[in-house]
Amino acid sequence: AQSVTQPDIHITVSEGASLELRCNYSYGATPYLFWYVQSPGQGLQLLLKYFSGDTLVQGIKGFEAEFKRSQSSFNLRKPSVHWSDAAEYFCAVGAWELSFGAGTTVTVRA
Amino acid sequence: KAGVTQTPRYLIKTRGQQVTLSCSPISGHRSVSWYQQTPGQGLQFLFEYFSETQRNKGNFPGRFSGRQFSNSRSEMNVSTLELGDSALYLCASSSSTGGAEDEQFFGPGTRLTVL
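So the sequence lines, in the order shown, correspond to chains B and V.
The opening residue of the first sequence carries number 1 in this note's numbering; numbering runs sequentially from there.
The opening residue of the second sequence carries number 1 in this note's numbering; numbering runs sequentially from there.
Each hint should be verified, as a subset may be incorrect.
Said to hold, decoys possible - Ranges of calculated distance between the beta carbons of each label pair, as one might list FRET restraints:
(1) A1/B / G62/V: 20 to 26 angstroms
(2) R9/V / H82/B: 27 to 33 angstroms
(3) R69/B / Q18/V: 28 to 34 angstroms
(4) P79/B / P39/V: 42 to 48 angstroms
(5) G84/V / A1/B: 45 to 51 angstroms
(6) K68/B / S79/V: 41 to 47 angstroms
(7) R109/B / T53/V: 47 to 53 angstroms
(8) R22/B / L83/V: 32 to 38 angstroms
(9) K61/B / S79/V: 25 to 31 angstroms
(10) L56/B / R15/V: 45 to 51 angstroms
(11) T20/V / G28/B: 34 to 40 angstroms
(12) G62/V / Q45/B: 44 to 50 angstroms
(13) G16/B / Q54/V: 45 to 51 angstroms
As the list claims (entries may be wrong) - Straight-line alpha carbon distances no greater than 27 angstroms define the calculated DSSO-like cross-link-like pairs of lysine-lysine that follow:
(14) K13/V / K49/B
(15) K61/B / K49/B
(16) K13/V / K57/V
(17) K1/V / K61/B
(18) K57/V / K49/B
Please keep in mind that the hints were generated in silico from the structure rather than gathered at the bench.
All of these numbers come straight from a predicted model, not from anything done at the bench.
Don't be surprised by glycine CBs; every beta carbon is placed ideally from N, CA and C.
Just chain V, same shape as in the assembly:
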């Protein structure tokens, strides 16, 4: 089974631009979560989608948004980029049951640099 894939792996943007990151979960997985990892703040939860619905949301401004498609692929969008948005963005998928105890499988991440 293929793992979680994230595209692109690296991105360079300038302040004020917007960016879209993509995540393809493991086949059969219906839950997708997004996390931001920075040296200063560590790993922080952004949001989680299950069957195309946002089920949980972290404490991030509205510039951060996401969606999930019927095939469980997910995208996250960041508008009006700020320097502080430079981070590794990790996507994780978990199994079809949607239970809280399901293991989250993480992708390799997208490294976003904002100049």
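With the rest of the complex left out, here is chain B:
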């Protein structure tokens, strides 16, 4: 069975500070991993994805994520947060059937 755990429900960061969101997954084979962002009242937008190859993946909006098989983790990072990054972030694993984590809400303070 596939599953995702996002340990942090809510994170508050100052604008300009770095951000790291944690994601741990469980998957029977080589995982397809994704990070999505959802703004209030909106659908999900894909930030980045990992299927194979280089374990450091670059995405949109300055985000990156690192796949660590030994730790079953796929953490999302951004070096310098902007106020517009305030949103809910979801880690997901799977193929046609995605399993999502519970999400991490990011608040950005001025």
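Based on these hints, arrange chain V on the given structure of chain B.
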């Protein structure tokens, strides 16, 4: 290219009624997936259609059903609505190859409220 569209955006129904939600995928996309999002259960996979065939199904009761038409548009139906069916229903489409690695593009969702 137009994105994934879902209609209606908002719905209010009463318990026991049935509802049909519609999803128009991105032009050329043949796979459509449906997800339910609630505060308590989060995002849960309902089902996925590819070329008019249900290819994958999540763990939902039979009251939840779907179909896909030859133009790849999809509908999902919920019969005998319960209060717990109140949720944001998200549709996602992915490209024509049908491969597992294809990116899923999500629509804005239909907000269903059951009274």
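Legend entry - Range agreement (Cβ of A1/B with Cβ of G84/V, hint 45 to 51 angstroms): 23 angstroms, violated
Legend entry - Pair hint K1/V and K61/B, alpha-carbon separation not exceeding 27 angstroms: 21 angstroms, holds
Legend entry - Consistency of beta-carbon spacing, R15/V to L56/B, with hint 45 to 51 angstroms: Holds: the Cβ-Cβ distance is about 50 angstroms, inside 45 to 51 angstroms.
Legend entry - Range hint compliance [Cβ, R109/B to T53/V, 47 to 53 angstroms]: For T53/V against R109/B, whose Cβ atoms are near 49 angstroms apart, the range 47 to 53 angstroms holds.
Inset, instruction - Note whether the CB distance of A1/B and G62/V lies within 20 to 26 angstroms or breaks it. - result: Holds: the Cβ-Cβ distance is about 22 angstroms, inside 20 to 26 angstroms.
Inset, instruction - For the pair we were handed, K57/V and K49/B, check the Cα-Cα distance against 27 angstroms. - result: Holds: K57/V and K49/B sit about 23 angstroms apart, inside 27 angstroms.
Legend entry - C-beta pair G16/B, Q54/V: status relative to the range 45 to 51 angstroms that was hinted: 48 angstroms, holds
Legend entry - R69/B versus Q18/V beta-carbon gap, inside 28 to 34 angstroms or not: The hinted range 28 to 34 angstroms is violated for R69/B and Q18/V, with Cβ atoms some 45 angstroms apart.
Legend entry - Cβ distance range 27 to 33 angstroms for R9/V and H82/B, holds or violated: Given a distance of about 28 angstroms, which is inside 27 to 33 angstroms, the answer is holds.
Legend entry - Distance restraint between K13/V and K57/V, which requires alpha-carbon spacing of 27 angstroms or less: With a Cα-Cα distance of about 25 angstroms, the restraint between K13/V and K57/V holds, given a limit of 27 angstroms.
Inset, instruction - For K61/B and S79/V, compare the CB-CB distance with the range 25 to 31 angstroms and indicate the outcome. - result: Given range 25 to 31 angstroms: violated, Cβ gap about 40 angstroms.
Legend entry - Satisfaction of hint between K49/B and K61/B, Cα-Cα up to 27 angstroms: Answer holds: K61/B to K49/B is near 14 angstroms, not above 27 angstroms.
In summary, the structure is inconsistent with hints 3, 4, 5, 9, 12, 14 from the numbered list given earlier, while agreeing with the others.
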